[in-house]
Amino acid sequence: MTFTFKKYNLYFSPLRESMSKQSLFRLFIFIVIISSSSCNNDPLKINKSEYNEPLIRVNKYLIEKDDEIIRNYANRHNLDINVNGSGLYYEISHTGTGDSIKSGMTVSLKYKLLLIDGTVCYNSDSTGLKTFTIGRGEVENGLDMGLQMMRIGDKAKLILPPHLAFGILGDGKKIPARAIIIYNLEIVETKI
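Residue numbers (my numbering): 148 to 339.
If you are wondering where the hints come from, they were derived from the structure by calculation, not from laboratory data. Fair warning: this is a prediction, and the values are worked out from it, not measured in the lab. Please note: incorrect hints may appear among the correct ones.
What the hints assert, rightly or not - As a list, the in silico DSS-like pairs of lysine-lysine whose alpha-carbon atoms are at most 25 Å apart:
| # | residue 1 | residue 2 |
| --- | --- | --- |
| 1 | K257 | K277 |
| 2 | K212 | K277 |
| 3 | K321 | K338 |
| 4 | K304 | K257 |
| 5 | K257 | K338 |
| 6 | K321 | K259 |
| 7 | K277 | K304 |
| 8 | K195 | K259 |
| 9 | K321 | K277 |
To be verified - Derived DEER-like restraints, expressed as beta-carbon distance ranges:
| # | residue 1 | residue 2 | range |
| --- | --- | --- | --- |
| 10 | R218 | D246 | 31 to 37 Å |
| 11 | I180 | G319 | 44 to 50 Å |
| 12 | I180 | L209 | 46 to 52 Å |
| 13 | D246 | G319 | 19 to 25 Å |
| 14 | I339 | E200 | 43 to 49 Å |
| 15 | R173 | E211 | 57 to 63 Å |
| 16 | I339 | L209 | 36 to 42 Å |
| 17 | E200 | N270 | 41 to 47 Å |
| 18 | S233 | G319 | 20 to 26 Å |
| 19 | L209 | K320 | 21 to 27 Å |
| 20 | V267 | N222 | 17 to 23 Å |
| 21 | H241 | E197 | 46 to 52 Å |
| 22 | K207 | I339 | 37 to 43 Å |
| 23 | I210 | I339 | 33 to 39 Å |
Yeah, the Cβ is synthetic: ideal placement off N, Cα and C, and Gly gets one too.
Could you build the full structure based on these sequences and the hints that come with them?
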């Protein structure tokens, strides 16, 4: 059995057959003229306030919606919750007797990290204690901020809106984009 294939040049062969060199040259000149006439050497001028205004409105709206969701959660679960100026919600359920947590201290926590719908994402029972240094950006801003309001031995619930948690991207694993997260935690130990 023998197969034969027709030799065929795929590189613009239909175009070459139907157009002469002169026609191709004219097309090329036309494209160059159109391209160069549409160029404007003046840089695009954007008024920053016109650009920023819609972004500011959207961010305010998202923060208000997150605030509403968190307050509804707190009401449904009868939480005696406080909020700081950055939007971090917290409830200290047990006050420890140790020193206050300060920037530069290394802390170890027992914790459970949940989404606001109750889905458990991470916890120290399966991953071990979470250990990090306060104030070095090693964890979410809201967790870092919340711990600096606590002392050794405290047990607390921290509710972090997206801008204090994993933001618009999530963590790329278990925490989705723009997620409100909840930390149930206990400070086990600190080192200076």
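Non-conforming hints, listed in increasing numerical order: 2, 3, 8, 13
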